[in-house]
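The hints should help you fit chain B onto chain A, whose structure is shown.
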Amino acid sequence: MTHSDPLTIAGKTFTSRLMLGTGKYHDFTVMRAALEASGTQIVTVAIRRVELKAPGHDGLLDALNLERYQLLPNTAGCRTAEEAVRVAKLARAATGVNWLKLEVIPDPKYLLPDPIGTLKAAEILVGEGFTVLPYIQPDAVLARALERVGCATVMPLASPIGSGRGLRTSELIRTVLDGAAVPVVVDAGLGVPSDAAQALELGADAALVNTAIAEARDPAAMAHAFALGVQAGRLSYLAGRMAERESASPSSPVAGVVRLPDPEIPA
Amino acid sequence: MQVNGQPHPFTPGLTLHALLRELAIAPERVAIAVGDDFYPGGQAPDCELAEEDVVEIVRAIGGG
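Protein chains in written order, with the working numbering: chain A, 1 to 267; chain B, 1001 to 1064.
Below are the SDA-like pairs computed for lysine to any residue, each with C-alpha atoms no more than 25 Å apart in a straight line:
id, chain 1, residue 1, chain 2, residue 2
1, A, Lys53, B, Glu1028
2, A, Lys24, A, Val192
3, A, Lys109, B, Ile1061
4, A, Lys53, B, His1008
5, A, Lys53, B, Gly1013
6, A, Lys120, B, Tyr1039
7, A, Lys53, B, Tyr1039
8, A, Lys120, A, Gln137
Partial chain A-side listing against chain B, Cβ under 8 Å, derived:
id, residue
9, Thr22
10, Val45
11, Ala46
12, Ile47
13, Arg48
14, Arg49
15, Pro73
16, Ala76
17, Lys89
18, Ala93
19, Ala94
20, Thr95
21, Gly96
22, Asn210
One-sided and incomplete, this derived list gives chain A residues near chain B with beta-carbon spacing under 10 Å:
id, residue
23, Lys24
24, Thr44
25, Gly59
26, Ala91
27, Lys101
28, Leu208
Because the hints were derived from the structure by calculation, they are not lab data. Positions of the beta carbon are idealized from the N, C-alpha and C atoms, including for glycine.
So that you can see chain A by itself, here it is in the shape it has in the complex:
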């Protein structure tokens, strides 16, 4: 079903609807195993200053098969539109990729995005030729505004980043999904694969997961489980769920049920 039901973002098609972050892994070997097991085709990376006192270590881009993955650099850590625009340009220079997960986050406690700064930065970056995937609170009015300025997706949060609290915003995400003209990617806070399944069941086009996989006891196994959760949710959405009822409806026919002999009926 994945091949006949591709995800298309900014004209590029993907068979996987699961995006993965690359943060918080114990090492690159564990990270690569998780990416492999997830079947993901889109991976996020962050941009940071080189340590001037200890340069030369790491090498995330060397650890990733760049032929295989669409890189999605983020602007994590940026507090204002201006910072995000600057980091976006550095990200494009560092990776050679013009896709950008736009994050404008002034709040360190709940890591909630600034809708006004996000819209402002998105408009500038689309104008500069970026493919912009903005991280947002599930706000349908904002989502439509971001579509209008040319964003490639919107990425509403399920619950606070890294919290693992699951899909706490489903009613609001429904309103973002209703009439969305771009793919809706549920991002942040998903804790277990059933959370991702729930998001896709609602009609979300994809999910992005980092901490729930990186902090699992077995990240590769959890990555596989998330892949199955996303697939199950998507299949469920396409299959069309049953209507809910207030009371029970027996699954077995009510006619022809065996009863004890009726003493009123003569033998």
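This is chain B only, laid out in the frame that chain A set:
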């Protein structure tokens, strides 16, 4: 001048490539901004720097 948010001693005639050598930074896989000019590390010009320049040198790391 400023490099990655820190004051950096400026010497007249200092060029961008000389600064990278001084900091022992290999230009591949980094990006560099000098003011509002952005370069992939491997394509950064060997321009002469000025005392008021603000230089950023960044790389991609793990993140979500």
